[in-house]
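Protein chains: 4
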Amino acid sequence: MAKRIKVTIWNENRHEQTSEKVRSVYPKGIHGALADGLGIKENLEIVTATLDEPEHGLTEERLADTDVLLWWGHTAHGDVSDEVVERVYQRVLHGMGLIVLHSGHFSKIFKKLMGTSCDLKWREIGEKERLWVISPGHPIVEGIGECFELPHEEMYGEHFDIPQPDETVLVSWFAGGEVFRSGCTFHRGQGKIFYFRPGHETYPTYYNEQVLTVIRNAVSWAAPTGREYPKYGNAQPLEQVPVYE
Amino acid sequence: MAKRIKVTIWNENRHEQTSEKVRSVYPKGIHGALADGLGIKENLEIVTATLDEPEHGLTEERLADTDVLLWWGHTAHGDVSDEVVERVYQRVLHGMGLIVLHSGHFSKIFKKLMGTSCDLKWREIGEKERLWVISPGHPIVEGIGECFELPHEEMYGEHFDIPQPDETVLVSWFAGGEVFRSGCTFHRGQGKIFYFRPGHETYPTYYNEQVLTVIRNAVSWAAPTGREYPKYGNAQPLEQVPVYE
Amino acid sequence: MAKRIKVTIWNENRHEQTSEKVRSVYPKGIHGALADGLGIKENLEIVTATLDEPEHGLTEERLADTDVLLWWGHTAHGDVSDEVVERVYQRVLHGMGLIVLHSGHFSKIFKKLMGTSCDLKWREIGEKERLWVISPGHPIVEGIGECFELPHEEMYGEHFDIPQPDETVLVSWFAGGEVFRSGCTFHRGQGKIFYFRPGHETYPTYYNEQVLTVIRNAVSWAAPTGREYPKYGNAQPLEQVPVYE
Amino acid sequence: MAKRIKVTIWNENRHEQTSEKVRSVYPKGIHGALADGLGIKENLEIVTATLDEPEHGLTEERLADTDVLLWWGHTAHGDVSDEVVERVYQRVLHGMGLIVLHSGHFSKIFKKLMGTSCDLKWREIGEKERLWVISPGHPIVEGIGECFELPHEEMYGEHFDIPQPDETVLVSWFAGGEVFRSGCTFHRGQGKIFYFRPGHETYPTYYNEQVLTVIRNAVSWAAPTGREYPKYGNAQPLEQVPVYE
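Chains as they are written, first to last, in our numbering: chain A, 1 to 245; chain B, 1 to 245; chain C, 1 to 245; chain D, 1 to 245.
Be aware that one or more of the hints could be misleading.
Intra- or inter-copy, both count: the list cannot distinguish identical chains.
Here are the simulated BS3-like pairs of lysine-lysine, each with C-alpha atoms no more than 30 Å apart in a straight line [unchecked claim]:
#, residue 1, residue 2
1, K231, K6
2, K231, K128
3, K3, K41
4, K231, K112
5, K28, K108
6, K231, K3
7, K21, K108
8, K28, K6
9, K111, K231
10, K41, K28
11, K231, K108
12, K41, K6
13, K111, K128
14, K41, K128
15, K28, K128
What the hints contain is simulated information worked out from the structure, not anything from laboratory work.
If you're wondering where the values come from, they're calculated on a predicted model, not measured in any experiment.
All chains should be modelled from the sequences, with the hints used to inform the complete structure.
So, in structure tokens, the structure goes:
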């Protein structure tokens, strides 16, 4: 039996309230669809949290009990309180995994961890996306073929203003002529971060088996190692050092 | 004649006001010593700026006229206004080079660009530091031997909480038993960043010819390429895309 | 129960024949000590192979049945047949993990995979080595403190002529004044490679619990994902392309 | 005046002998077209060399007098002598820049430096290629817009079996549905390497001003720093070390 991993799926959950189209695609919300899709893995303990819960559902207790946090947001990045962002940030530095999905590229937490604008090109005309595996030995693409297609998606195009990823796992081709680094890993402190591009709210992307496989693999990859936080600050010498006056 | 580069040397300049020892080592201030040391390169146009000037000497005009900014701060990181930090940040994303020196690792601007705590171990007993070249083909270490020594320096030790550098150019050995990634490059937006460890305020480090050579090389490396800022946002397709309903 | 991993420990096993000192430290050979030390993990199926066996013990069948190969060699790199090196190389590109130990830095297989001389500085006076964790979130250092010491080891010093590692996990401090990138990851094809510095034949390094923990972790990290080899060569278009004359 | 750089353009020059079509596109050979196109930069001293010259035109003297070597080969990789490959390899480790063009991905020298198969997907139907800038601050894309198009090119598609590049500067979009890392930097020893994808022999790609700009920039970037080769081998301690018996 694989290692148990505690997953919290965070979703802004606003489009689901205001758009019938989104509701028809995701009747249980994007968080609900992801919980169902990931939940077939028996080693994952999944809870969900949404923006309009108290403290956005991300209390100290909830985060302390989270190994890997998924983040989907789009229309209400500004409504996420700076206090909660700081809390998530500290948990990432202390080892919690973070998987940022699609329009989460513009979330406060992702921009804070990247140190860049995280800006990009976009277009919403339902064009075809094909994601190519660039790092075939990476555990995040285990079980994925050399590429997979999403018949209709929002386009995100380069330049994507992120630091050079530690590993670029997937690159997308779009019918309209752009490319995009769609699967990117980063390390911040002791935490592992995976950005995964697909998932516009009006398409059934989070029911796609390949998309779900990537996310499940990313959860395993991002799980913390359980080490203590490093000792920082003033340190005694480990060797005898000549006295300097 | 090499390309002209406009350099602004920013120094907190507080220790120089309060400590006779620091003043005796740096009678013209750390910024003054650096200006003298870098100024022998004819292609550099150097100005200095300090914390207690209006807008910390970093007005919109000054930054717009800066190719590469050097940053030395230590005791007063909190006194740097968020507005000026944001201004410097935007300039880096738009292409300005940034060289962060020594205790600048804890400056607001460096932490904002790194997305991590930038914490480390430290010890101030005047021990020996030896910096080893790890990337011998890198232009930042042109003219530097395989290693160089500083007889007395503050120790900084790992773990240094930064993202994995794009290139690790120098690694330090300390007499007391630690190691440290002392010369690290990063890219953020269109800007190039170099972190360079040495330079405690009570030692004559910034008169050392090898230290100055590294900084001069870093200025050349970090100079902007002069390209336009990328076009972000909504984009028309470059290819004909089937209509999706 | 964790995933079963088939491990082959390859050792040159020559010093053990010719040196009483080495034999006294490693009466079962370096491969035997490693097999005992790793074997406490129940999910590892361990076999050993040595230079003087037919085909150096690395037949097609043996390699086909190996998930992760460990490599220790020193005095007889030239005696390893090019045919076996090519066989190991192809297995790495197809996904087999490879852990190269200590003086294996100069083996034919490591140099072939790196594309560099893999040269370094060395000194054998039994000085102290302290290995510092640089990437605290990396699974290879799970269970390891912020640093660990080996009281007596051969020194390896920078410059170490390798490509920039994908991740630098450990950096060593040596009493004699050098530093060294002691734990480095690389990807080649679908295979994962870990270079781990310690392990001179006259010291009981491979009985050290921290050293063994690093190697056990590296075995788990380097295990293949079981994906098919990519399809290379001529490819039909996936989209309709205008005919060009 | 910018630094003088000595450039040797090496071309297999076989298609030009056997194909009227190639000859009509490149009447002076691919090497001749590149020499003309790069030669407008006054700081470049350009010579050419081809496969059928003695020692392939790459004598010890020629290479010793070369700062940056360009390499175009395709149909006759096997005819390049191992001795010349070793000579070029040693020069790269000692600091010579190397720019590998298009089908040079399968040359002996590139495979030796990469340590991988360098295999890829390909298709020759004259489809459109669009190269996107991924690293907008990189000097290799100075003067290049956010993307540029080649109306007809051979397709190269992922997976491209190379080590993760130190920097991925350009990614291609192809009309037939693939993507490719088209501009990649690597460091080997003291040498800098740039792989640049475009340049099939039947298209006028090497007359394209954007392609030439990238190559000219790459020549400047890859020029050596002129440092001495590192000292490897046995080293005396730099610090006093307790005697170990």
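Quick rundown of the hints versus the structure:
Taking CA atoms no more than 30 Å apart as the test, K231 paired with K6 passes inside one copy only; the shortest distance there is 26 Å, against 36 Å between copies. Within a single copy, K231 and K128 get their C-alpha atoms only as close as 49 Å, which misses the 30 Å cut-off; across copies the closest is 22 Å, which meets it. Taking the closest pair of Cα atoms, K3 and K41 come within 30 Å of each other both inside a single copy (11 Å) and across two copies (15 Å). In the homo-oligomer, the alpha carbons of K231 and K112 lie at most 30 Å apart both inside one protomer (23 Å) and across protomers (22 Å), since each shortest distance falls under that limit.
In the homo-oligomer, the alpha carbons of K28 and K108 lie at most 30 Å apart inside one protomer (25 Å), although the nearest pairing across protomers, at 42 Å, exceeds that limit. Taking the closest pair of Cα atoms, K231 and K3 come within 30 Å of each other only inside a single copy of the chain (27 Å); across copies the shortest separation is 33 Å, beyond that limit. For the identical chains of this complex, K21 and K108 are intra-copy neighbours only, at 27 Å inside a copy versus 43 Å across copies, given an alpha-carbon limit of 30 Å. Taking the shortest alpha-carbon separations for K28 and K6, only the intra-copy value of 21 Å comes in at or below 30 Å, while the best inter-copy value is 43 Å.
Taking the closest pair of Cα atoms, K111 and K231 come within 30 Å of each other both inside a single copy (26 Å) and across two copies (18 Å). Taking the shortest alpha-carbon separations for K41 and K28, only the intra-copy value of 19 Å comes in at or below 30 Å, while the best inter-copy value is 43 Å. Both within a single protomer and between protomers do K231 and K108 lie at most 30 Å apart by alpha-carbon distance, with minima of 28 Å and 21 Å respectively. Proximity of K41 and K6 under a CA criterion of 30 Å is satisfied in both settings, with 12 Å inside one chain copy and 25 Å between copies.
In this assembly of identical chains, the alpha carbons of K111 and K128 lie at most 30 Å apart only when taken from the same copy (27 Å versus 35 Å across copies). In this assembly of identical chains, K41 and K128 lie within 30 Å of each other by CA distance solely inside one copy; the values are 29 Å within and 43 Å between copies. For the identical chains of this complex, K28 and K128 are intra-copy neighbours only, at 25 Å inside a copy versus 43 Å across copies, given an alpha-carbon limit of 30 Å.
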